[in-house]
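Peer 1: Protein sequence lines correspond, in order, to chains Z and S. Going by the numbering used here, the first residue of the first sequence is number 4, and it counts up by one from there. Going by the numbering used here, the first residue of the second sequence is number 2, and it counts up by one from there.
Please keep in mind that the hints were generated in silico from the structure rather than gathered at the bench. Since this is a predicted model, take the numbers as computed values, not measurements. Don't be surprised by glycine CBs; every beta carbon is placed ideally from N, CA and C. Since no wrong hints were added, every one of them can be taken at face value.
Calculated lysine-lysine pairs in the DSS-like style (CA-CA distance at most 30 Å, straight line):
#: 1; chain 1: S; residue 1: LYS50; chain 2: Z; residue 2: LYS74
#: 2; chain 1: Z; residue 1: LYS74; chain 2: S; residue 2: LYS97
#: 3; chain 1: S; residue 1: LYS70; chain 2: S; residue 2: LYS97
#: 4; chain 1: S; residue 1: LYS50; chain 2: S; residue 2: LYS70
#: 5; chain 1: S; residue 1: LYS50; chain 2: Z; residue 2: LYS60
#: 6; chain 1: S; residue 1: LYS97; chain 2: Z; residue 2: LYS60
#: 7; chain 1: S; residue 1: LYS103; chain 2: S; residue 2: LYS70
#: 8; chain 1: Z; residue 1: LYS60; chain 2: S; residue 2: LYS103
#: 9; chain 1: Z; residue 1: LYS74; chain 2: Z; residue 2: LYS12
Here are the computed distance ranges between Cβ atoms for each label pair:
#: 10; chain 1: S; residue 1: SER10; chain 2: Z; residue 2: SER87; range: 15 to 25 Å
#: 11; chain 1: Z; residue 1: ASN76; chain 2: S; residue 2: PRO19; range: 38 to 48 Å
#: 12; chain 1: S; residue 1: SER60; chain 2: Z; residue 2: PRO42; range: 20 to 30 Å
#: 13; chain 1: S; residue 1: GLU67; chain 2: Z; residue 2: MET30; range: 22 to 32 Å
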Amino acid sequence: NAGVTQTPKFRVLKTGQSMTLLCAQDMNHEYMYWYRQDPGMGLRLIHYSVGEGTTAKGEVPDGYNVSRLKKQNFLLGLESAAPSQTSVYFCASSLGLAPAYNEQFFGPGTRLTVL
Amino acid sequence: AQSVTQLDSQVPVFEEAPVELRCNYSSSVSVYLFWYVQYPNQGLQLLLKYLSGSTLVESINGFEAEFNKSQTSFHLRKPSVHISDTAEYFCAVSTKGSGTYKYIFGTGTRLKVLA
Numbered sequence: 004n005a006g007v008t009q010t011p012k013f014r015v016l017k018t019g020q021s022m023t024l025l026c027a028q029d030m031n032h033e034y035m036y037w038y039r040q041d042p043g044m045g046l047r048l049i050h051y052s053v054g055e056g057t058t059a060k061g062e063v064p065d066g067y068n069v070s071r072l073k074k075q076n077f078l079l080g081l082e083s084a085a086p087s088q089t090s091v092y093f094c095a096s097s098l099g100l101a102p103a104y105n106e107q108f109f110g111p112g113t114r115l116t117v118l
Numbered sequence: 002a003q004s005v006t007q008l009d010s011q012v013p014v015f016e017e018a019p020v021e022l023r024c025n026y027s028s029s030v031s032v033y034l035f036w037y038v039q040y041p042n043q044g045l046q047l048l049l050k051y052l053s054g055s056t057l058v059e060s061i062n063g064f065e066a067e068f069n070k071s072q073t074s075f076h077l078r079k080p081s082v083h084i085s086d087t088a089e090y091f092c093a094v095s096t097k098g099s100g101t102y103k104y105i106f107g108t109g110t111r112l113k114v115l116a
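This is chain Z alone, in the form it adopts within the complex (with noise of 0.2 Å):
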């Protein structure tokens, strides 16, 4: 039972450049959550999603995209990269919202760099 994984753990790019970034689950939840976190800013949610097919715009969803064609997967794309997104990505998934079933469980996360 590996959890929540992502792929890559480290990531430069250069300014216009796109990438996706990977998030699986074995835990067969059906939320999922993408958060970037920056010094002094905490958890800033980006998109989720409420089940396969789904998706929903978070707090900065601004130069992102997702989706989610499979349950066990999550992924977020940059498609031109910028500085302002040099960040600490994070994965997330939980069972449900209800708070009996909110407990959200993190991914190791991605470091970007966006030179």
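Following the hints, put chain S in place on chain Z, whose structure we already have.
Peer 2: Same frame as chain Z, but now just chain S:
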């Protein structure tokens, strides 16, 4: 609107001393409260949670938090810290609004335990 405030961005404390990490929330509806811990270079993991019942909740590694509705607080305490407790701690609030649950993280408090 709901919000979570962690006033202390950093808390240095000597080993075996007590510590309190503060968390205050703002919400007009019922809340469910969580503390997560993030060890260096890792994702977040749940430390403890309050859903209902006893307002004092404990973790397996000696931390405890008390839900105080009148003061809208959920402070995290440990009577004697260890070097291994050095980590960043995030308070989170789950509330129900607009027909769905929201999950909001605080900005985090970095606990540094000194030898």
